Structures are given as C-alpha cells and as structure tokens.
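Undergrad: Spelled out, the chains give:
Protein chains: 4
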Amino acid sequence: MNNVRIGLIGAGWMGKAHTTAFHNAKMIFGDDVPIFEVIADNNEEQAKTMQEVLGYNRYTTDWKEVCADPNVDLVDVATPNCMHYEMVKYALENGKHVFCEKPLSISAEQSRELADLAAAKGVVNYCGFSNIMNPANAYVRDLVATGKLGRIMRVHATYDQDMLLDPSLPITWRHINKLAGSGALGDLCSHLLSVSQMICGDMEEVNAVSSIVIPERPKFAGSDELQKVENDDVITFLVKYKNGAIGDFSSSRVSTGRKNYFYYEIQGTEGSVVYNLERMCEVQVYFKEDADKDSGRDCGFRTVLLNPQHEGFKWFQPAGGIAIAFDDMKTLQAHALMQAMNGKEYICDFEMGAKVDGIIGAVVRSLQTRQWEKC
Amino acid sequence: MNNVRIGLIGAGWMGKAHTTAFHNAKMIFGDDVPIFEVIADNNEEQAKTMQEVLGYNRYTTDWKEVCADPNVDLVDVATPNCMHYEMVKYALENGKHVFCEKPLSISAEQSRELADLAAAKGVVNYCGFSNIMNPANAYVRDLVATGKLGRIMRVHATYDQDMLLDPSLPITWRHINKLAGSGALGDLCSHLLSVSQMICGDMEEVNAVSSIVIPERPKFAGSDELQKVENDDVITFLVKYKNGAIGDFSSSRVSTGRKNYFYYEIQGTEGSVVYNLERMCEVQVYFKEDADKDSGRDCGFRTVLLNPQHEGFKWFQPAGGIAIAFDDMKTLQAHALMQAMNGKEYICDFEMGAKVDGIIGAVVRSLQTRQWEKC
Amino acid sequence: MNNVRIGLIGAGWMGKAHTTAFHNAKMIFGDDVPIFEVIADNNEEQAKTMQEVLGYNRYTTDWKEVCADPNVDLVDVATPNCMHYEMVKYALENGKHVFCEKPLSISAEQSRELADLAAAKGVVNYCGFSNIMNPANAYVRDLVATGKLGRIMRVHATYDQDMLLDPSLPITWRHINKLAGSGALGDLCSHLLSVSQMICGDMEEVNAVSSIVIPERPKFAGSDELQKVENDDVITFLVKYKNGAIGDFSSSRVSTGRKNYFYYEIQGTEGSVVYNLERMCEVQVYFKEDADKDSGRDCGFRTVLLNPQHEGFKWFQPAGGIAIAFDDMKTLQAHALMQAMNGKEYICDFEMGAKVDGIIGAVVRSLQTRQWEKC
Amino acid sequence: MNNVRIGLIGAGWMGKAHTTAFHNAKMIFGDDVPIFEVIADNNEEQAKTMQEVLGYNRYTTDWKEVCADPNVDLVDVATPNCMHYEMVKYALENGKHVFCEKPLSISAEQSRELADLAAAKGVVNYCGFSNIMNPANAYVRDLVATGKLGRIMRVHATYDQDMLLDPSLPITWRHINKLAGSGALGDLCSHLLSVSQMICGDMEEVNAVSSIVIPERPKFAGSDELQKVENDDVITFLVKYKNGAIGDFSSSRVSTGRKNYFYYEIQGTEGSVVYNLERMCEVQVYFKEDADKDSGRDCGFRTVLLNPQHEGFKWFQPAGGIAIAFDDMKTLQAHALMQAMNGKEYICDFEMGAKVDGIIGAVVRSLQTRQWEKC
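Chains as they are written, first to last, in the UniProt record's numbering: chain A, 1 to 375; chain B, 1 to 375; chain C, 1 to 375; chain D, 1 to 375.
Isolated chain A, as found in the complex:
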C-alpha cells in the first residue's frame, strides 16, 4: 500500500468533504493509505477543531508552511475560489503534488499559468471536478470514445438550481466578481464544461447571453441595505467544438423548480444519450441500429440503470439498480488522485481545469463584446 501524506489548506465544508473522501477511498479500495499530516486555516479556532474532528496530526494558521513541509506529499487546496491561484502556485513552486478543488482559479489566464507550471514541474496536478468520476459520465465517455454514438453532431447541456431564487437571500461571494469570476457560469456550468471536455473534447468558440434576475440583494440576512449582484443569474451560450459539433450550454441559479438539474443530451450519427444527475443512476441511450431492425418497430431510448459494467460502480454496489450517491464520485476522485501519485493515469488534471476556465473566460468576454470568442 501506498502512503500519501496530505497537507490540507482550508478547514471548511470542502476540506471536510475531501478528508472524508480520502478515508472512504482507503476503506473501499484498500490501495492507498492517506496520512493526514497537517491542516491549515487562517482561523485558528477552526483549524484546531477540525484537526481533532478530522484526525490530522497537527494544525497551522500559515498555509505557506503546509506547502513547504517536507512531510507533506500532497497539498490539498480547499479554500475559497479566489485564493486558489496563489496557493496552488506556491505549492507547485515547492515541488508538491497538488489537488485543487474546482475551479483551478477565477481567471483563464491564471489557470493557464498554473497548468503550464504544473506540467513543467512534472508533479501530480489534480483539479476537483467531481462529476468526472461519476460512473454515468464515464459510461457516456466510453460510448463516445468507442464510436458507439458515431460522429457527435450536437450537445445540449444545462445545470439548473433554484437555491438562489429567493430575493431575500443576502449577497455572498458568489455574487461578487473579484471573488467568483462569474455567476452561475463558473459555479454550476463549469461542471458541465468539465464533463463536455472529457467526452467531446475542445471547443473552438462561444457566443453568450446572460441575465441578472435579482439585481440587488440584502448586504446580509435581514438587512434593508441592498448590494448590487455583479454576475449572471442565468447564462446561455452557443458553442462550436473543434470536432465540428455545435451546441448550447446554460445554467441558472434561479431556476424555479429545479434542484440539481445537471442535464445533458449528446446526439451522434449512430446514437444519442440523455443524462440527468437528479436521476443519478440512470442513463437514457438510443442506438440507431435498434431502429434499423424491423423498420424501427422496436426502437426507443433505453433506460440503462448503472451497474457493475459501468466504470467505478462495482466498488459501491454488487448489482444494477442499487443507488450510489453523489459523494461516491468524490471517493472515486480521491482514489484516482492517490493512484495518480502512484503513477496511474488520470483525467482531470490542471490542463483540463485550465481548458474549462478558458471556456469560461471566452464566455465572459463574449458577454462584453456580444461576439463569438475563441476559447
């Protein structure tokens, strides 16, 4: 078994989720042993409490110390998005392997720099888009990669939630551009973009429209003072892929009735798939060859329930139709990351993170120029 000595920066919700995922990956796969070396948070109280709860060997309030610690193999960056750039860069410069929660940074330029630096350093560089490890998405990737869907013609994708529908909810970092980079685009749609990147490859250019449905929100809960919302509540954009496919991507954080509607449809010349994360364990698949028999009498989308034939599933359940969870994607991610440190190939590297941020950057530019923008 492979020891992985972890230094975590950020003792909040995401840091806890990462730590749990490392634990679970060890329990389920038994391939690697995470050693929880040090946890950092600028809030000492929080750092200390979480050190105990999560079982880290020590804590610090100085994140740079984590990056420099010779007992740390992997720096895990789980801080607010706007801090990723500086921390990841410093960790790379110290020659550490780095796990950065998505997004890699809040600008295309910074993410590009980090991806190039990571490549130059030759370390493991893993970007935490957890949907990449969803067995459903892995299945679709496989259908596309093996040609079962033929040439991809078109992609439609949207990620909708209504969590911010209530106008009395106060301003948060999500609404401020210098903290978030963009709105629903970076927060939600980025997940679709990571999956698109994995399955359909690079985009050529994009063309966007957006709207701010709730232009002002209370400065804090219950406050009468209002503050301006700076970024997209709703985003929609056209895309052209390098492979010739076209499509549209959207996201809304005020999408009445939608809870976790991460939905995409991919249409190829030989087949199509439809997937909705709210029904995590089922994929709709259509094969044109079914229509070629009996003049189409028996053809139709198949409701495929995830089962052990779909990559990753078998570690959680022994048979199809038994529900796996959203968090299981994170466990698969933690395992893939630790295996990467042992030399295995992995998908979701900083290059992918930088490409996603490159698309987001192009979308933001397009909103300003009202033009097609190169990714």
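Hint data in this document are derived by calculation from the structure and do not stem from the laboratory.
Incorrect hints may have been included.
A pair counts as met if it fits within one copy or between any two copies, since identical chains are not told apart.
[To be verified] With a cut-off of at most 25 angstroms between alpha-carbon atoms, the simulated PhoX-like pairs for lysine-lysine come out as follows:
{"#": "1", "residue 1": "K330", "residue 2": "K314"}
{"#": "2", "residue 1": "K89", "residue 2": "K330"}
{"#": "3", "residue 1": "K26", "residue 2": "K16"}
{"#": "4", "residue 1": "K240", "residue 2": "K228"}
{"#": "5", "residue 1": "K121", "residue 2": "K314"}
{"#": "6", "residue 1": "K242", "residue 2": "K228"}
{"#": "7", "residue 1": "K374", "residue 2": "K240"}
{"#": "8", "residue 1": "K330", "residue 2": "K293"}
{"#": "9", "residue 1": "K314", "residue 2": "K148"}
{"#": "10", "residue 1": "K293", "residue 2": "K228"}
{"#": "11", "residue 1": "K314", "residue 2": "K293"}
Here the structure is a predicted model, which means the values were calculated and not measured.
Based on these hints, arrange chains B, C and D on the given structure of chain A.
TA: This is chains B, C and D only, laid out in the frame that chain A set:
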C-alpha cells in the same frame, strides 16, 4: 365498396360515438360505406333529435322493429348494459349481424348463451372492447405471439380512476348490481381482461378481494337521503392462466390521483413490456438479448413510441411520435367490424366477450366463497 | 349555423388534412357549415380525383379562378411553401378571407407585406400553425397570462426529429433554399416560434449557429449523383425577448432517436412548465408556492394530464387522462378559423405568421453576419 | 459520546457491511463510538482476515463466546438466515442487546418466540430491515401518520429483480426451504412487508399464489446434474389490513428487465404516493386538495426530490436533488441502533421482524391450503 346498413339501438352518448366511428372509418379507410338506416330510442324526443344530428334515415321508439327490419344488416346495441342481453338475443334470432358495446351482458351465463347463439347463427358478432384495437396493445400481442418475450411468466394489471372519489356524487346505475353486475370490476377492469384475453389467452381460476370505500351515496345530486352502494369501489384478484402464468388484476374507481390509469406489465422469459394508457403512444419494452451483450452494460427498457410499424397506426399518422387518440381505437373498431361483414377475420367476437364475462363471474363468485373459482 | 364557402388551392396531403379538419369541426362543434366549393391543382388528374374523394363541388387547374370566384368566401392555400406569397397576395387583393398553411411565405419581407395587406383589407387572415390550438399550449399560455408563473426569466425550446438521418434519402424541396427559405429552422423550429410568440410575446434579437451534417444527398432515390444540401440540418440560436427573458431555441432534422420531440421549458419567478409533444397529453408544472409550505417538503413538478379544464380539450373527451390526438389541434384550428369569419377573435393571424417569419429571417441573417440580429 | 462494544457473528459480506455502517454512523453523526470488540466465524481463516481488515480487537471461531463475553454490549448477528434463531436466542439469554440482520428467523414461530423473549429481557432488539430508514419511506410514513393521505384504501407493492433469470445459475441456499424458508417471498418481498408494517400497520389475512419458473438448476456452476428448486420464483398475494385497506403484494427473482424494482403505491382518500427504489431519491405524491382548486386544472402527481426536510436526508446532503445511496440507509440504521442503546426510541424491533415473518408464514400456509390465512 361494401355497404353496411346500420340499425342503432340507443341514441345516447355511446350511440353517437359508434356513429362517429363508422363515419370516420369510411373517411379514413374508404373500404366500406355505412348506411345509417334507423335509430331507436324509447325516448322519442331523443330518438328524433339524434336521427337528425347523426343523419339516420328514420327513427323509431321500438327497438324490436330495428331487429326485424329487412333493410338493416347490422344491429348496433348501444343501450345501458342491463339491456344488452335481451336485445342482442332478439337481433341474433332475427339473423342479424350484431355489434354489442361492452359488456356483452351483465352475467357470465347470459353472455355464454349469446356467444353460443351467435356461433350457431353464423353471423358477425362483435363485442365493443375498444382497447383491443389500440395499436399499442396490438404491438404487445404481436411481441407475445411471435415469441419475442419468450414464455409468459407473470401479468400485473390495474385500471384506476378517481372519478367517483367524491362522496357527494350520487348513486348511479354503476352502483346497483342488477343494472351493472359489478362495480369497478365490470366497468373498468373488464377492459384489462379483454386485452389479457387477446394477448395471454384463457385464465384457469381467480381469487378475489374487494372493498366499498364509500358505502352510501346521495339518492340524487344534492339529496340528503343516502342509498347503499352495492358493489366494489376497489377490486383485486389473483389469476392463474392456462399457460402457467400467474398474475394479479385490480381496478379502483376511487383511486386518488389516477385519471385513466390503464396499466399493465407482462413479464416473459425473453422480455417484458409495460404499458400505461395515460401515455397512450408509448410502450416500454425490454429484451433480454440486450442484456446478453457486453454483460448487460447497455440494457434497459426501451421507450418505444408508436409508429407506422405498429398495426393500425399508419391510418392516422405518417410517422412515429405523433399522437393518436383514444377515439382512434373506436374508428379502427368500426372498420374491423365492417370488414368482418365483408368476410375478414376479427378478434373481439362474442366468444371473447363471453370469456371476459366468465372471468368477471368467477371473480364475483370468489368474493362470496372466499375461494379460488374456475373461470 | 354559419356557412363557409371554401376554395382550396392545393390538392395534396395538406389540402386533404385541411378538408378533413373542416369536416370534423362541423361534426364536433356544430357551429359552422363548411361548403366545399372548389378545389384547384395544376395537376388536373389530381384535382379531379381529390374533388371526388374530398367532396368539392367542382375543380379547376387555375388557382386564380378560385381567388376570383364570387361563390368562395375563404381561400385556403395549401400549396408548397414557395407559392404561398403569390397566392395569398392575389386572394387578399380579391378581398377574400384567407387561410394560409404555415409558413406564411419563405421570407420575412414577403410575410410582412402579406400581414400588412391583410390588415388593410380587413379580412380574416389565418396562418396555419396548428400547435397554437393544442390544449397543452393553451394551458401554458393561460398560466403565463394570469401571472401564475410570475415574471418569465428564461425559455429553452427544441424541436428534434430523426426523419432525415439516413444519408441515402434524396434531396427534396426542404434542402433547397429558394423552395424552403431555410432547413430545420423554417420546417420545424417555426412551430416552436409560433408557440413562443403566443405565450411569451415578441423577441428583440437573435444570435445563431447551424450545421449541415449531411452536406450532399442523392439527386433522387437510389441515384449515385449527389446534390448539395443548402440549409441547416441543425440550428441553435440565442434569443432576447422584449420582456427581458432570455433563452435558446434549437431544431434538428437528424436528431438520432428523436421522433417528434417538440420540447420546451419556461421558467418564471413563480413557477415553471415543461412540455414535450411526444407526451402530448401531459404538462409538467411547478409552482413556487408549493415549495413555500413545509420548507419545501412536498414540492415538485406536477404531472398534469390534460382534462376538460384545459381550453379545447372538452370537445374531444369528457375526462382527464384520455388521449386526444395531434389531428385534434387541426380540428380546433378549423373551428377557430370558421368562427373568426363569424366575428370571433383569433390568435394565429398573419401578423403572428409575419412575426415568426421575421424571427426566422433574423436567424438566417445572423448565420451570415455571425452577429446578434434584430427580429 | 456513547461507547458501543460490538461482537459480530459472521465475517462475510453482511458482517462487513454492518461494520462499515457503524464506522460511517460515527463519522457522520458523531453521537456514538462503536468499539469493535470481537468477530466470530466458524472459518478461522476468514475470521482472522476480517478481524484485521475490519479492525476488530480479536477473533474467535466460537460464536457462543461472543454472546457470553462481558466486554460485548451488542451482539450483531450477520450469519446465514437459518442460523439466526439459535444465535439470537442465545445472545438474548445472555442478556445482550441484539442486532439481527433480516430476517429474524426463517419461521413465524421462531421469530415470535424471539420477539417475546427480547421483550421479556428488556434489551435493545433491532432487526435489520434497512429500507425502514430510507428517507423516502420515512417521508411516506409521515404523510400517512399525519393524515395527509387520508384513510388508506389500497396498497400495491412489488419487488422484482432478474438476477436469477439465467437457468444456468446453480442452486444456492435461496432455493432450499430449510435454509431460506421461502423464495422471493422471504428474500425480497419481506423488505416491502417491513415498510408496509411501518406505514400501514398490521395485516389481517392473506391469500397467495406462486410459481417456480425454473424448476431445476445445476447442483453447482457448470454441473450437468440438476437439483430441484423448492420455493417461489414468483409470489403474489392479496392482503387485508386491520385498518380496512386491501392490497396486493408480489415479488419475482426472475423478472426480466427489472434490476432493483422495489415499487409501491399507496392510495388514500386524500392523497396517494408512488415510490420506486430504482429512483431512490424521488417520491411521486398526489394531494386531492390540489384537484379541488380550479376544478382540477393544475392537479397531478408531484415529483418530490428528497431533500433535508425528509428525515435522515440532511446528514448526507445539504440540498434537495443530490443523490444519496442505498448504503446510507444502513448508516442511518447503525446510528438508530446505537442511539437505541442510549435510550432513544426505534422502529424496527424484533416485534416488527416477527410480524413480517408472521405474514410470510401465513402466505406460505395459504400456498398450501389455497385459502385465506390469518397473519
């Protein structure tokens, strides 16, 4: 083209529906010409009005006159259920071809007698279970008949509505046994039984339970006086088929939330189907051979949309996914009936009607004996 | 009852469908009496045959004769799209009421001219977008108009079929711009645009991308000679509505697995709806007020089955959950048209047809300029 | 925090699952500390290996030693079903708290005896029907208990899988009555019965039919020698509840196309629910009061996505629509069990286990007598 001179008994809603169906069958198929000879109703006002509206040549208040009329080829019985027996019998005795709206009668014995008499007379004898002509059911029949589903193991079927959920709705003929024979069983479940008969063949025995949810209803709308409901609001029964399959059938007329939930599932050793009339134009089909490939990676129920490959569909729409209507089943029925008078084979004869009523009779007996009863 | 003397131009499939719809409207509503005065087709054989089959009083090969005939109240234009302009214009100039099958013409300019001319003449001018009369769409229109969905934020709509997926299918008028104006855009997406116009009102501007998946097709069935496909197999475009909503519209005629997937989703601040014409009789509706109770415990999209409370439905079925058909929309259309000639208000006039064609024109321009274009 | 010293009997798959659940319950809730004291298995090799893998303090091959160990608070019985009775009884006689994986035993009589003994001893007695803790079922229980569905009229439930559809799969303990008690009935349908017991209360009597679809199977994988299958591949039975509701329950282990189709529908006078475990995180709910507004215009089943308002959910995800897993039910179960040892109320005690086994016993008798049998 084949002329069919029709004498209609019963100038109500169903008589109108039959007449419209004959019209439509002529317009759509162009195979037969219905001649609307005479319409009978014991309410002269109604008879006269409907003669004009529906375009019959003459009217009468004496239904026996219709049965004896030498200008009538086909007697169409569209009266209340409890009158079917007498009228059909008289029409047969007069050597007429007979179209009897479902049910054939309100007792197994009477229906058996009518089926035998019709066979002896050698006339066309058509029982109006309209679901028989639904292209979806025809498709399933075909899948079973050709062995695509293998050996049938099991059938689950239910027909649920909530039309009578409101306890303030008054007593009608449906609630009185001498007028209806039974409750939800004869009114709704009989439709499932006709489809079961066509697709899966004869039943051997049944075993039933029922309940009356609303034991008393107003004598008439708004009345304070209550009258006893005599028959099943909810019926459920076990069945054994002659072919070895087992199953359960149910029906409820007080099924909160269900509007026209005619639902069945047939499980065979090589495949299964699921159908719900509320989604009339789609059939869920699973083929075991899909699961035999790639260790089951791609298997799942296919959502088959009705299309011109399914018997009957092409007369209404040129392509799959375009909705046909409940009433189109009646048009197909009218056409099959007129074609039967021209020598074509047909499915839904009095023998089938008598078998359905035989099952209903056995279910009613089982409710009394609390035993398995032979069909 | 109101007599409507009809002169039909075009004795093909659509002419037959119109005639059947007039027949059915009379049978079902009994409000108006269509008089089938004259049928015109430049193919005399076809004109003569269809005169007999459809029951017109006479036929002609000169469509101008129909427009000038003093015995004709309504000129019904059911010819190929590229002929609409000339015929409609001539009929209007002759002071006739006009029913023009969609599209009004194949260019925004011509359609604008026809709408203005019709308004000036003060005649009934009805454009045949049949989805306008679908009870499901009428229901959604009502939800929006009465404010039940709040302020509309966003619309997503697509109309996908795979009828032209097979590359061996030959070139038809659909692929040639001077005959069709555009591809999937005008043929399919126009139906969505008509419904959007009715429910959400005017669009401000659009921005489009398209692709031709099968760039060449056989000159005729079985031919080795190939001819260039001139217009969009797949179209996608962004829209901004005048009311501030944004959205995306798409259509594909090579959408593997989709048969008649006319799908839209409308998100408002108080509720959302989802509709798919493949499940014609059901509408998914979400009301935010459901989520405001019990902290959202019981909220979710409601699967509303069409029933007599939805405008138009009651004429076909007496209760919810019983399937109505695609063709019933055409019957409702024929009735609305005849009633319009009797002074009733109607929705789908040439103004609406011109607006739809105006949007299509803007989309086509946007494909050329790669810019946002005003509608 | 509450220490719970555990002695596990059975070092197989289920023993591992229980141990993982205790671990997870500690991690997620932080209320109780499981101490993994001793693990027993008659296979010493297995006992030793699993002691290390699962982290037990010691192992033994003598299960009685576990029951007598003063350092053990809770005896966890995770052995083959036919051994439960003897082990549970001995543990109770030694005054231990007992957690017995479902079923409590393989006969109604033994289970009754165990339930009575446990009650007399006053110890915690927990039966491992994991679906009891599914937040979806807890939600439905709540809807029924608070009267939101009104009086329950009818229940339909089935649990179908096709795992044993392949006739070349060999005989296992599942097919032998002295090891399993019954077939699909005890293995699968028992899960439905536990949920029914929790939500709808006691049954009065049952009436059953069954079939063996594959009467003989290979003695072992690949063998030509066949052995008789002794129990039901398919079971269906009618039920009468003490509260007056009626219903039908079924299960099949050869149900072509069904993977984990645990499905039930409960119809009450004020509302109905439909649930399918293959879509674990969604519950269909209909409220009659929705139909009472606007004459039923807006009514329909609501697709409720599990969210933090549903008991148990919030421990796994912070918002609705994010998938939880089948295994999370086991974590909730382990927590409820440990909390019970700390004095909290719990639902799934031996009394419930005995009632489920009482129903199963009555069903088995009914198969023999072909009569209604009291539960």
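Undergrad: Hints broken by the structure, by number, lowest first?
TA: 5, 8, 10
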